[in-house]
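K.L.:
Next come the chains, spelled out residue by residue.
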Amino acid sequence: MQILIRQAHLIDPQGPFHGSSNDILVTDGIIEGIGNFPGIKADRVIEEEGICVSPGWMDVFAHFCDPGTEYKEDLESGQAAAAHGGFTAVMILPDTRPPLQSKAEIEYIRGKAAGGIVDIYPIGALSMGLEGNLLAEMYDMRKSGAIAFSNGLNPIQSSGILLKALQYVKAFDGVIIQVPEDRSVSRHGLMNEGVVSTRIGMPGKPAIAEELMIRRDLEITRYAGSRIHFTGVSTAGAVALIRQAKSEGIRVTASVTPYHLCLTDESLSGYDTRLKVNPPLRTGADVDALRAGLLDGTIDCMASHHIPQDADAKEVEFEFAREGMIGLETCFSLMHESLDRMDLEDQVSLLCQNPRKIFGLEPLHIREQEMANLTIFNPGRSWTFQKEDIRSRSSNTPFIGKSLKGKIIGVMNQGKSSLH
Amino acid sequence: MIPANARLFRIFCVPLVPGMPLSVKHLLGIRDLTRQDIDLIFQTADNFKEILKRPIKKVPTLRDTTIVNVFFENSTRTRISFELAERRLSADVINFTASASSVRKGETLIDTVNNILAMKVDMVVMRHSAVGAPHFLAGHIQAAIVNAGDGINEHPTQALLDAFSIRERLGKVEGKKVAIIGDIMHSRVALSGIYCLQKMGAEVMVAGPPTLIPKYIGEAFGIRVSYDLREALAWCDVANILRIQLERQNMPVFSSLREYSQAYGVTRAILESLGKEIVIMHPGPINRGVELNSDVADSGNSIILQQVENGVAIRMAVLYLLAGQREEPAD
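First to last, the protein sequences are chains R and Y.
If you count by the working numbering, then the first sequence holds residues 1 to 420, one letter each, in order.
If you count by the working numbering, then the second sequence holds residues 1 to 331, one letter each, in order.
With the rest of the complex left out, here is chain Y (with noise of 0.2 angstroms):
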């Protein structure tokens, strides 16, 4: 039996690093990443990235696999991203979408990915409006799970794809100073960006409003808190300006999306009192006027279409890396 890494690799040869499998069979966060994982699935998408750059952009790596993007919460952006890295494998794809789905008719969990499961499926992209869904999950199935979001936990791909994209336009993430901004508590990308961030060396600064900050986050992460958006932007070198989440907030946190805009939205005057460049980033979709403002998100500090670019490189590798730690059956 050959294993399924060196299989793949012969099929369609992307350049690996030898003998170094990532640390996990499931990507549930980054929590559970080593800095080595992270380095692999970074240098397996600078290699998809350059096929992304041919005339011909798919490769046969995953043939035989199939994929279903399991989703319970809406997405378009991280759905097609996920779908595109599939097809671009060339994978079989399904898509499941919950409010098409039994799920609302009270199926559990487990049925809903067993049932599909039941059709032979090799691997599960999941987005799921509670924490630790995921990780229920993975202590229930066989198939390899890819956390596409878990309510307010973890989005790992995005943090990867963040920290990938700071590399790309700095050189390095080791050293470089990143402010994440906004609504930190209801952010799945804070957290995954925390872990990454600090993984890779990076010094990270979580600003916004107190009431979107988790009281406890400078204590369990050692990282540094402000409740003041320019001393954030002063401080870094990378601004990750989050998404307001309207649609997470179940109690009031600030008074009105005009009121959070005066006080910590992102414009061109900020940035250009600070007498130093520094690169933009947003996970999207972009609330224009609130968050950022277009002469912002617009302009050459910005990187938010490269972050979407390098969204489908960094979920390539992410998959084509799991399907490897998949264990071939027996000839």
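With the rest of the complex left out, here is chain R (with noise of 0.2 angstroms):
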């Protein structure tokens, strides 16, 4: 199988092609040659005006329910959603039931999903049952491959164990992902407490909820001289908490999720659950604030936090609706209409480089005689999400029928390709 990409914009900070306009021509999985190819006869050739080409992106926070509601999602499932918005790997989440908590559901995880074209990585249970009291077996579950360790949706509430866990991984430099939330301010809430919230009669989470959270966590994290990485950061007063941390040292990284960058709460006055997320639609203030985090490095990476839900757990009264959306297949589309101000290299760093650097993964670079892993996109095109284009098993998006901008083309690792 020979596949040709015409004429690609390649985007690959610190590799041997960046910047350049070439072709690409993979034969069988492996990237044969880079440069003007006019008269090989491809079995693919791909060829699109303003279309790009970077080193496979990764997303660090998606759920595939697998095992346990694979109804949802699976890994299968999961993986072709992944491919179809640009992955080449994603980590995902312990959330499963049972969780991924011992070697035992990590090697499920690596063995079962080994071999596709998505890299799957999972993030082990910090805590037995994901409930916060004692801790799982990290050490084992990072022998088995876990990548990182996380509470997932239920975020660590004791400063006790977190701080044990933060101090459990430094024997292997390993980080713990928290999605920060006080629930004990929190808990009651549906939404962001604000001016909307209090007009459409629905009880708010506070900004401080969140923002109380990082304060804690990054306070222990200096004390334990350890790594934790927040993801899903959402108000304004908690980018300007990670910035003033970067400056003082503490390791402290951060990731967002797309559609924290372009809703607010605003759009909640219909009780639309697909809207009801965790941690919520926050206001334009801190929508702004965010996309500035993004831009001065604050925000190191995305997350997709692709959370499948099915009809039955959306289609019911918002109070009783689940959280999250699916947002593999939507993620660059968003964080690219999103970050006008930022060039695609840095956009594109954000999606690659960023949160492979940060979960000790090897950089990938686009070279000759190396297996290919690439995204190919045309960040200039507009087109229309549709439902009958969602790969996940699940549809839980308010996306579908939105015009967007910026389309994947497709994907390749492993030997195996994804093409539109």
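No lab work stands behind these hints, which were simulated from the structure alone.
There may be inaccurate statements among the hints.
If you want a taste of the chain R side facing chain Y, the calculated C-beta under 8 angstroms gives, among others [stated by the list, open to error]:
#: 1; residue: 132
#: 2; residue: 189
#: 3; residue: 193
#: 4; residue: 195
#: 5; residue: 199
#: 6; residue: 201
#: 7; residue: 203
#: 8; residue: 271
#: 9; residue: 316
#: 10; residue: 317
#: 11; residue: 318
#: 12; residue: 320
Every residue gets a Cβ at the ideal spot worked out from N, C-alpha and C, and that includes glycine.
Combine both chains into one complex, guided by the hints.
P.N.:
This is the structure:
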């Protein structure tokens, strides 16, 4: 199988072909040549005005629901959705049933996903049963391939447990991922607390629920001398705290979801359960702060927070609806539209180089005679996101029918290709 | 085909403001209503109130209309008031309460209501513990919906009857100063009340303990906020005293009822010290001796029983006007 990408703009900072426009010839999953190949008759030719190619992208926080709730997503459908969204690597949540809390579950994931077009990196459960009480066997899980540790969608509330976990993972320079939320403050809230929640009669989650947790976790991280990653950061105050912590040398990194970059709590006035997410949609000022945080490097990377839910989990009263939306397939477009002040090269870093660096993976580059691990995309192309386009098993997204800018053409990895 | 409104009018002459239907198909909240809608409801209620004073109080207006009262939360007064309004309009009435239903068995709201609607029901009056439940239902069923209270969000007919009672007592709502006092955070009466009073041109203040007042309420509505009962009473023409909703407080918000009544209980002594007369309202049921003392509740300042009476007329008006909005099937 020979695939030829014609006249692609290569975005590969520190790579040998960065900034060039070249043909890329891939034969049986190996990059055979980068240059000009006018006479070649490949099996598949990709040619499009404005096409870009970068090393394959990585998502740091997606839920593939396998094992346990495979009717929402499984490893196969999750990989298909990721590939469709331009990702060749995904870190998946431990919030399965049972949780990814021991070597057995980590090896199940690694084994089942091996050789797929999308590399799966399981995030191990920090605590047994994700209950936040007893530390899980993180050392053993690490040896089996867990890339980081987290309590997933139920962030660690106890300062003592978090301290022990942060100290524990220092043995192997591990990273703890937290969705920052002090549940004792936010417990009864259903959306961001503010003018909008007050007007529509909804109990709110105040921004300080997130900021208190970040403040606390930063102090614990400083004390432990360990590494923490906040994902789903959503408030202006949170961005300011992380910026300050970085300047003080605390080993903190952060990621943001695509929907927090473009949606606000104003959109909840119709009680649309597709917009029920956690951390909740915040205000316009928060959106601006998140974008600024990406621009100045306070926030290091994107995180899809791809959380599939079946129709029954969403087609209920807002209070009873489950949280989350799918996000892998629209991640790039939403980010790209939200960051019109950022260079494309820097945008790609948010999806490619930065997450790999944070979680200790080798940098990827586009080189001849190496395995093609590529994302092919067209940042200038507008498209309409249709329900039929969704590869995820679930379709809980508010973006169906929306016109978006920035289209994924396809990915290649592990000798396989997924081209639209 | 004759428009439903005109047909109803012909069957039984409730005088209407000609050619002015409501701007909504459901009554989900006061938030969605215009000032004209509220005026129309009040004018219609005036007529029904007149009818309710006659020896024969029942009119055949909704004779071929079936209404189901779906109450997922306990309610005695609101349900009885709606039921009476429905029966006075000659509607067929079904009552459905959650405690005796399949909801406990895990049936979804859509399934529950669709099962009822399969039996050819025209209107749904619903109370539900979840904010936005009637809005959600409105997107899934054909029948007209009247929100009889959704969580801590809205209770529109209560706000309408409150404003209607103020208008009756003081001649108008516009320009009046109304203080809503008590548990603002957990009260659907407060939110609907603010919307309704503001749309009618009244000035609004909310007062109560800081733990029971939403942080952003002043900013959200441009209203005054006070933590001082005396200040609120001295400012207002009308004080709407809310029931302390013990059942909705899932967090400690004040130490004890005793302490609450010391700080926020309305007593005769406080009212007498104001040097002016104010109107006292309460949506009921009263916790006597907690938010309101008996010597106030039963005094000439109180219009609490008039509120109850007006509730029937307001609910008749709402049901009547929404029934008129429904499309009549072609003959």
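K.L.:
Hint check: is the beta carbon of residue 317 of chain R less than 8 angstroms from a beta carbon of chain Y?
P.N.:
holds, 4 angstroms
K.L.:
Next item in the hint list is residue 193 of chain R. Is there a CB on chain Y closer than 8 angstroms to its CB?
P.N.:
Constraint on residue 193 of chain R satisfied, holds at 7 angstroms.
K.L.:
Classify the hint on residue 320 of chain R as holds or violated, based on whether any CB of chain Y lies nearer than 8 angstroms to its CB.
P.N.:
holds, 6 angstroms
K.L.:
Is the shortest C-beta separation between residue 271 of chain R and chain Y less than 8 angstroms?
P.N.:
With Cβ-Cβ at 3 angstroms, under 8 angstroms, it holds.
K.L.:
A closest beta-carbon separation below 8 angstroms is what the hint needs, so does residue 201 of chain R meet it against chain Y?
P.N.:
At about 3 angstroms, which falls below the 8 angstroms cut-off, the nearest Cβ of chain Y leaves the hint on residue 201 of chain R intact, so it holds.
K.L.:
Is the shortest C-beta separation between residue 316 of chain R and chain Y less than 8 angstroms?
P.N.:
holds, 6 angstroms
K.L.:
Under 8 angstroms is the threshold here; is the Cβ of residue 195 of chain R close enough to any Cβ of chain Y for the hint to stand?
P.N.:
Residue 195 of chain R check passes; min Cβ-Cβ to chain Y is 4 angstroms, inside 8 angstroms.
K.L.:
Restraint: residue 203 of chain R near chain Y, CB-CB cut 8 angstroms. Satisfied or not?
P.N.:
Because about 7 angstroms separates residue 203 of chain R from the closest Cβ in chain Y, which is inside the 8 angstroms limit, the hint holds.
K.L.:
Under 8 angstroms is the threshold here; is the Cβ of residue 189 of chain R close enough to any Cβ of chain Y for the hint to stand?
P.N.:
Nearest chain Y Cβ about 11 angstroms off; hint violated.
K.L.:
Does residue 132 of chain R pass the interface hint, meaning its C-beta sits closer than 8 angstroms to a C-beta of chain Y?
P.N.:
violated, 20 angstroms
K.L.:
Is the interface hint satisfied for residue 318 of chain R? The criterion is a beta-carbon contact with chain Y at less than 8 angstroms.
P.N.:
Status holds, d = 5 angstroms.
K.L.:
Does residue 199 of chain R hold up as a contact with chain Y if the rule is Cβ-Cβ below 8 angstroms?
P.N.:
holds, 5 angstroms
Hint compliance for this structure: hints 1 and 2 are not met, and every other hint is.
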